[in-house]
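**Student:** Here is how the chains run, residue by residue.
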Amino acid sequence: GQQLNQSPQSMFIQEGEDVSMNCTSSSIFNTWLWYKQDPGEGPVLLIALYKAGELTSNGRLTAQFGITRKDSFLNISASIPSDVGIYFCAGHWETSGSRLTFGEGTQLTVNP
Amino acid sequence: NAGVTQTPKFRVLKTGQSMTLLCAQDMNHEYMYWYRQDPGMGLRLIHYSVGEGTTAKGEVPDGYNVSRLKKQNFLLGLESAAPSQTSVYFCASSYRLGQTNTGELFFGEGSRLTVL
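Protein chains in written order, with the working numbering: chain L, 778 to 889; chain Z, 246 to 361.
Hints were generated in silico from the structure; no laboratory data involved. Heads up, a few of these hints could be off.
To list a few chain Z residues with every Cβ distance to chain L over 12 Å, as calculated [stated by the list, open to error]:
{"id": "1", "residue": "Gln251"}
{"id": "2", "residue": "Thr265"}
{"id": "3", "residue": "Asn273"}
{"id": "4", "residue": "Gly285"}
{"id": "5", "residue": "Asp307"}
Looking from chain L toward chain Z, a few residues come up when the C-beta cut is under 10 Å (computed) [as the list claims (entries may be wrong)]:
{"id": "6", "residue": "Leu781"}
{"id": "7", "residue": "Phe789"}
{"id": "8", "residue": "Leu810"}
{"id": "9", "residue": "Tyr812"}
{"id": "10", "residue": "Gln814"}
{"id": "11", "residue": "Gly819"}
{"id": "12", "residue": "Val821"}
{"id": "13", "residue": "Gly836"}
{"id": "14", "residue": "Arg837"}
{"id": "15", "residue": "Ile863"}
{"id": "16", "residue": "Ala867"}
{"id": "17", "residue": "Leu877"}
{"id": "18", "residue": "Thr878"}
{"id": "19", "residue": "Gly880"}
{"id": "20", "residue": "Thr886"}
A virtual CB, placed ideally from N, CA and C, is assigned to each residue, including glycine.
Let's have the full structure, built from the sequences with the hints guiding it.
**Tutor:** As structure tokens, this is what we get:
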């Protein structure tokens, strides 16, 4: 099946720093999504991308759908303590029907 | 508005015991899913359903069964629990993928299962 490689696996940063994480795939996706999971909660959608090259922002978060349709990145600017959590990328492609493929996740720790 | 509700939140089982996790959603979503989350492995799809009365296998279906007798409920069963099934289980629901809001899954808070 489809696999997503998400990196880095974990990040330890100081409050105020910018963060960047990315996902790559060996196959083409039609949709890239980024979710965040707070400790003890289920994941929540942050940003959805539907077109190659699309750049979308949600507050301090910016995500891009790679031009090759095989990658995506998420940037967080001026991190704050509540950014702590696990960030997942997910992809959907035409023949996957109702299924998403999730990356392994990036564990983000923000030190005040 | 409850969204997606999972019960129970925590459970400890002995090897060989059976149990059922219940997921309920009140958003009239067509699609429902069961994932398991293990450290460093992300979310892996166990089974899913595209409508009442239909179910399908995901990536890791072995050792699990599911049923969707009502549109709002999706049950995950373990017939004979094994230590390898120790995990956090998440239920999710969504509108039909391919329409507006493609990819937005609404997740429950998770059910932590330990098999001794």
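**Student:** Each hint: holds or not?
**Tutor:** Outcome of the hint check:
With a closest Cβ-Cβ approach of about 9 Å to chain L, Z/Gln251 is found to fall inside the 12 Å limit, against its non-interface label. Listed as outside the interface, Z/Thr265 is consistent with that label: its C-beta sits roughly 19 Å from the nearest C-beta of chain L, beyond the 12 Å cut-off. The non-interface label for Z/Asn273 is consistent with chain L: the shortest C-beta to C-beta separation is roughly 16 Å, beyond 12 Å. Chain L draws Z/Gly285 into its interface by the beta-carbon criterion, the shortest separation being 6 Å against a cut-off of 12 Å.
Here Z/Asp307 stays apart from chain L, with its beta-carbon at least about 15 Å from theirs, past the 12 Å limit. Nearest Cβ of chain Z to the Cβ of L/Leu781: about 8 Å, under the 10 Å cut. The hint holds. Interface restraint check: L/Phe789 against chain Z, minimum CB-CB distance 16 Å, threshold 10 Å, status violated. The interface hint given for L/Leu810 holds, since its Cβ lies 4 Å from the closest Cβ of chain Z, which is under the 10 Å cut-off.
For the restraint placing L/Tyr812 at the interface with chain Z, the shortest Cβ-Cβ distance is roughly 8 Å, inside the 10 Å limit, so the hint holds. With its C-beta approaching chain Z no nearer than about 8 Å, L/Gln814 sits inside the 10 Å limit, and its interface hint holds. Annotation: interface hint on L/Gly819 holds; nearest CB of chain Z at approximately 3 Å, less than 10 Å. Among the interface hints, the one on L/Val821 holds; its C-beta lies about 7 Å from the nearest C-beta in chain Z, closer than the 10 Å criterion.
Interface restraint check: L/Gly836 against chain Z, minimum CB-CB distance 17 Å, threshold 10 Å, status violated. Look at L/Arg837: its Cβ only gets to about 20 Å from chain Z, farther than 10 Å, so that hint breaks. Contact between L/Ile863 and chain Z, as hinted, is supported at the beta carbon level, the nearest pair being about 9 Å apart and thus within 10 Å. Restraint check, L/Ala867 versus chain Z: the minimum CB separation of about 7 Å is within 10 Å; hint holds.
For L/Leu877, the interface hint holds, since its Cβ comes within 10 Å of a Cβ in chain Z; the closest pair sits about 6 Å apart. Evaluation of the L/Thr878 hint against chain Z yields a held restraint, the C-beta minimum of about 8 Å falling below 10 Å. The closest approach between the C-beta of L/Gly880 and any C-beta of chain Z is roughly 6 Å, which is under the 10 Å cut-off, so the hint is satisfied. This hint is violated: L/Thr886 has a C-beta 15 Å from the nearest C-beta of chain Z, more than the 10 Å allowed.
Checked against the numbered hints given earlier, this structure breaks hints 1, 4, 7, 13, 14 and 20; the rest are met.
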